[in-house]
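Asker: Order-wise, the sequence lines are chains V and W. Quick note on numbering: the first sequence equals residues 600 to 824 in my numbering. Quick note on numbering: the second sequence equals residues -15 to 297 in my numbering.
Calculated directly from the structure, the hints in this document are not laboratory data. What you are looking at is a predicted structure, and each value in this text was computed from that prediction instead of being measured. Hints should not be assumed to be uniformly reliable.
Result set (DSBU-like, lysine-lysine): computed pairs, CA atoms no more than 30 Å apart in a straight line [said to hold, decoys possible]:
| # | chain 1 | residue 1 | chain 2 | residue 2 |
| --- | --- | --- | --- | --- |
| 1 | W | K287 | W | K32 |
| 2 | W | K286 | V | K694 |
| 3 | V | K615 | W | K286 |
| 4 | V | K811 | V | K694 |
| 5 | V | K705 | V | K694 |
| 6 | W | K189 | W | K32 |
| 7 | W | K52 | V | K615 |
| 8 | V | K615 | V | K811 |
| 9 | W | K229 | W | K200 |
| 10 | W | K287 | V | K705 |
| 11 | W | K197 | W | K173 |
| 12 | W | K287 | V | K811 |
| 13 | W | K37 | W | K254 |
| 14 | V | K811 | W | K279 |
| 15 | W | K152 | W | K254 |
| 16 | W | K200 | W | K189 |
| 17 | W | K229 | W | K205 |
| 18 | V | K694 | W | K287 |
| 19 | W | K197 | W | K229 |
| 20 | W | K37 | W | K197 |
| 21 | W | K200 | W | K32 |
| 22 | V | K811 | W | K286 |
| 23 | W | K279 | V | K705 |
| 24 | W | K229 | V | K705 |
| 25 | W | K229 | W | K152 |
| 26 | W | K205 | W | K189 |
| 27 | W | K52 | W | K32 |
| 28 | W | K37 | W | K52 |
| 29 | V | K694 | W | K279 |
| 30 | W | K279 | V | K615 |
| 31 | W | K37 | W | K229 |
| 32 | W | K32 | W | K229 |
| 33 | W | K173 | W | K37 |
| 34 | W | K173 | W | K152 |
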Amino acid sequence: MTAYDVERGDAIHPGKPVTVDRYTGGARINHWITATSLVLLALSGLALFHPSLFFLTGLFGGGQWTRTIHPWIGVVLFFSFTGLFIRFWRANLWKAEDGTWLARLKDVLTGHEERLPEVGKYNAGQKAVFWGMSLLILILIASGFVIWDQYFAAYSTIDQKRIAVLIHAIAAVTIICVWIVHVYAAIWVRGTISAMTRGRVTGGWAWRHHRKWLRELVGGKERRS
Amino acid sequence: MFPPLPNPTVKPTPAQFGEQDLIRRSASNVAPPARQLTPVAKLIDTSKCIGCKACQAACLEWNDLREKVGFNSGVLDNPLDLTPASLTVMRFSEWINPETQNLEWLIRKDGCMHCADPGCLKACPAPGAIVQYSNGIVDFDHDRCIGCGYCIKGCPFNIPRISQVDHKAYKCTLCSDRVAVGQGPACAKACPTQAIVFGTKEEMKQHAEGRIKDLKSRGFKNAGLYDPPGVGGTHVMYVLHHADKPEIYANLARDPRISPIVELWKGVTKYAGLAAMGGFAAFGFLHYLISGPNKVSEEDEKKAEQLTGSDVS
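Pulled out of the complex, with its shape left as it was, chain W reads as follows (with noise of 0.2 Å):
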């Protein structure tokens, strides 16, 4: 078992990392900061999962979201999928398994994986309305947020909601306020199995292996950890018993990566227009400049004037 998170501190505490200690901002740069934080990482374990929605709970409660009264829809995903208040939702899977033909019931916490490489970021038009912290955590600015919707172009796992309230893009923070202040995120603080625990990246790794040991000596062979490679790994990172096959936890993409039209969008578009753009006026103003302006000459009038008859009138 993981040691469980210490409760907190009552005495105010100061924030233990901030704005010196980005490695990304959206649409601008950042200088490298002085310091590399401790990468940090919450573990799902799917396996330890009971389908209690305490992490829901814990995540409404946390950040005050009030999510409106839904409807059954006779399932148990409840909200059904992510919505700008509920920034993570238990999924429910009901799967055969074609080996034992015993059905099993997955259940994947779902949210931002907090990408090392985010495809959020990367698509942000908005200066500073994404950051990433060295840590690892990617978090959105909402007073900076312009609602545009590109971070959801840009995710590679669908993730970002646009609130039709404020038009603003929320997503799970992974309680970065809690963690600048040593604890960790809500959900792992609720879950009653220790399905959800949060640390750093190695701890987790560690953690994850130790409990992949277990699973296979119970049968899982292919249990194993989800950490893809595709986005440089993830800060949130799955222990799944069929490891083999994330999509069977409710299509859960098996090599994600940022897409390569937005790589084409935000890459080799972005210089390619403004150096075209610039072209075409570069080459009007030399061609002004050599050629000088096209004059209508007085032959030329003299002409309209004889086609027109004007020149006898």
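Bound-form chain V, shown alone (with noise of 0.2 Å):
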């Protein structure tokens, strides 16, 4: 069978428990560099969102450096997230099970695993938080620069400014209540954050939450061995 779920560094070792290793050190730090802007983002972008979230500023030293520095911030994420993009997009294309999984969602969230189609390195739910990640910070940066005045408020339209901050709210929204999904499904689902922290989970998460991509890992080394 084709491996394709399997992306480099991934690899089993066996003992007890089991453990498997499922991001590099690479994919680590690229993630956290991503994580850490996206916080900064949201927690910027909200000050000058809402009023009464305005006292945020105060963490970026006051309105004038949260607004110098957000766009600044959002070019580090777009950069890091593309590397992340790289990494993840074979993994996270859609596959048959997704849409059962997906249908299954009830059952996702009683904790009926055992009703749950087979899936392989990513779920239906972490493959929709990373095509929506990507499709809404490419809305973003776009949207972004548009209003991004201090360089480049000569290239458009006071019109086309406001369709673009209209957007650009509506996105980030959307982004942060996606992020909420990404973090709460990881504090959750026990044993995730270890993946991005140490790198590894242990045989147990893999076999009950992407049994598939265990499968496929012990496969391809029977392969090799």
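Put the complex together from the two separate chains, hints included.
Answerer: Structural data, given as structure tokens:
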């Protein structure tokens, strides 16, 4: 079988318990740069989104600094996320079982894993987060440039800027919601966070949540040996 | 003729209005003021303007602004557009009246209109950076301005300009500092033909009526007052000889209003956005309370050991 769900660096270490390498050091650094940027962008963006959150500008050294720094963090995020995209896009391609998984979202939320199809390195929820983030970041960087008045004011009309600022706000709210789903899922599904900190998960975690990926890894190992 | 503004007293005079007279404050709320100031207005009579730019010079001088030496672009407009230093500019339009075939030279002094419903203030995210006094003056507080340029998106007249030096927004203040001590705006004081006059809004409307009657008697049958209702009226008004065609005056807006996109952005998006984010967070919180963490079981670990052959080794 084609093991295209297996990414570079994924490996099994038999033992008790089994450990599985899920993310390389590079991927983890890449992830945390992206994560930090996203959090800083959300904080600085929310400060200008609603008056009741304006106090958040204090975290960045005041309103002027918040306005100055926000777009630059956006540029960092864009390039950092591009790195993640290149690493992860293949394993996030939509497969037949993803539709089934998504249709049984109720079973996912109520913890009936036994009723779900076996999934590869990413389940449909994770894939939705990945593609949602990818699309929203594109929308945000594009609309962001239109309203980055310090350098790009001359390249668009005021009407275009009005549309851009509305799109930017809606996309930002949406990406924050996607982020909440992403973070909550990592907290709720125990054993997940170590994948992005130490790079490893336990075999049991992989068996429970990404069995197809685990089987592919075992299969690949058998083929190699 | 409207009585000219009296010369100021040389004695120090306390400001006649201030913080206590705010009716709107950007990104924040104000308590309704205890008193209502008499609404003021500047009336610009385009039919009396001779394009001398004394108003521009007076504005630079009073506000202690320096416009950098520009270039001649072949037209009389100088500078070509409003800038952070030039809070007012004369816009010259050559228009051939289709009825008379006469070339008419239309000169409009452009600058902040001091809308009763100010789009800049609505768009501003910085608390107190834009304020509106009960006499109608809309003013920028530069200490609070963050330079985001949202006021530019909010303004239906394309007036505010962001300085590339201090990254703050600038526009005409209606000389709030002069008005506060009983004087009129510097431009009105300097105007040699009384094309610019200043007083209470009622006085200005009355004065405009007389001017419009006069213009009509001279054949300008569409003469009228420009006090656009779409923004609740303005505290800078024009007498136009062709009030039916405001756009011939260097694209003066026919029916200015705060863009519906800005209303959407600053209205429902703001509240729906907070609600959506709060809703997602609340769902997560409740879900965790009710269903608890999703834990890997011993059996899962055993299955993985069987699959990888760890159980036999």
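Asker: Does each hint hold? Answer for all of them.
Answerer: Outcome of the hint check:
no.: 1; hint: K287/W / K32/W; verdict: 92 Å, violated
no.: 2; hint: K286/W / K694/V; verdict: 28 Å, holds
no.: 3; hint: K615/V / K286/W; verdict: 9 Å, holds
no.: 4; hint: K811/V / K694/V; verdict: 12 Å, holds
no.: 5; hint: K705/V / K694/V; verdict: 20 Å, holds
no.: 6; hint: K189/W / K32/W; verdict: 16 Å, holds
no.: 7; hint: K52/W / K615/V; verdict: 76 Å, violated
no.: 8; hint: K615/V / K811/V; verdict: 21 Å, holds
no.: 9; hint: K229/W / K200/W; verdict: 15 Å, holds
no.: 10; hint: K287/W / K705/V; verdict: 25 Å, holds
no.: 11; hint: K197/W / K173/W; verdict: 25 Å, holds
no.: 12; hint: K287/W / K811/V; verdict: 13 Å, holds
no.: 13; hint: K37/W / K254/W; verdict: 43 Å, violated
no.: 14; hint: K811/V / K279/W; verdict: 19 Å, holds
no.: 15; hint: K152/W / K254/W; verdict: 24 Å, holds
no.: 16; hint: K200/W / K189/W; verdict: 16 Å, holds
no.: 17; hint: K229/W / K205/W; verdict: 12 Å, holds
no.: 18; hint: K694/V / K287/W; verdict: 25 Å, holds
no.: 19; hint: K197/W / K229/W; verdict: 18 Å, holds
no.: 20; hint: K37/W / K197/W; verdict: 26 Å, holds
no.: 21; hint: K200/W / K32/W; verdict: 14 Å, holds
no.: 22; hint: K811/V / K286/W; verdict: 16 Å, holds
no.: 23; hint: K279/W / K705/V; verdict: 18 Å, holds
no.: 24; hint: K229/W / K705/V; verdict: 62 Å, violated
no.: 25; hint: K229/W / K152/W; verdict: 34 Å, violated
no.: 26; hint: K205/W / K189/W; verdict: 18 Å, holds
no.: 27; hint: K52/W / K32/W; verdict: 29 Å, holds
no.: 28; hint: K37/W / K52/W; verdict: 16 Å, holds
no.: 29; hint: K694/V / K279/W; verdict: 26 Å, holds
no.: 30; hint: K279/W / K615/V; verdict: 18 Å, holds
no.: 31; hint: K37/W / K229/W; verdict: 24 Å, holds
no.: 32; hint: K32/W / K229/W; verdict: 18 Å, holds
no.: 33; hint: K173/W / K37/W; verdict: 13 Å, holds
no.: 34; hint: K173/W / K152/W; verdict: 27 Å, holds
In summary, the structure is inconsistent with hints 1, 7, 13, 24, 25 from the numbered list given earlier, while agreeing with the others.
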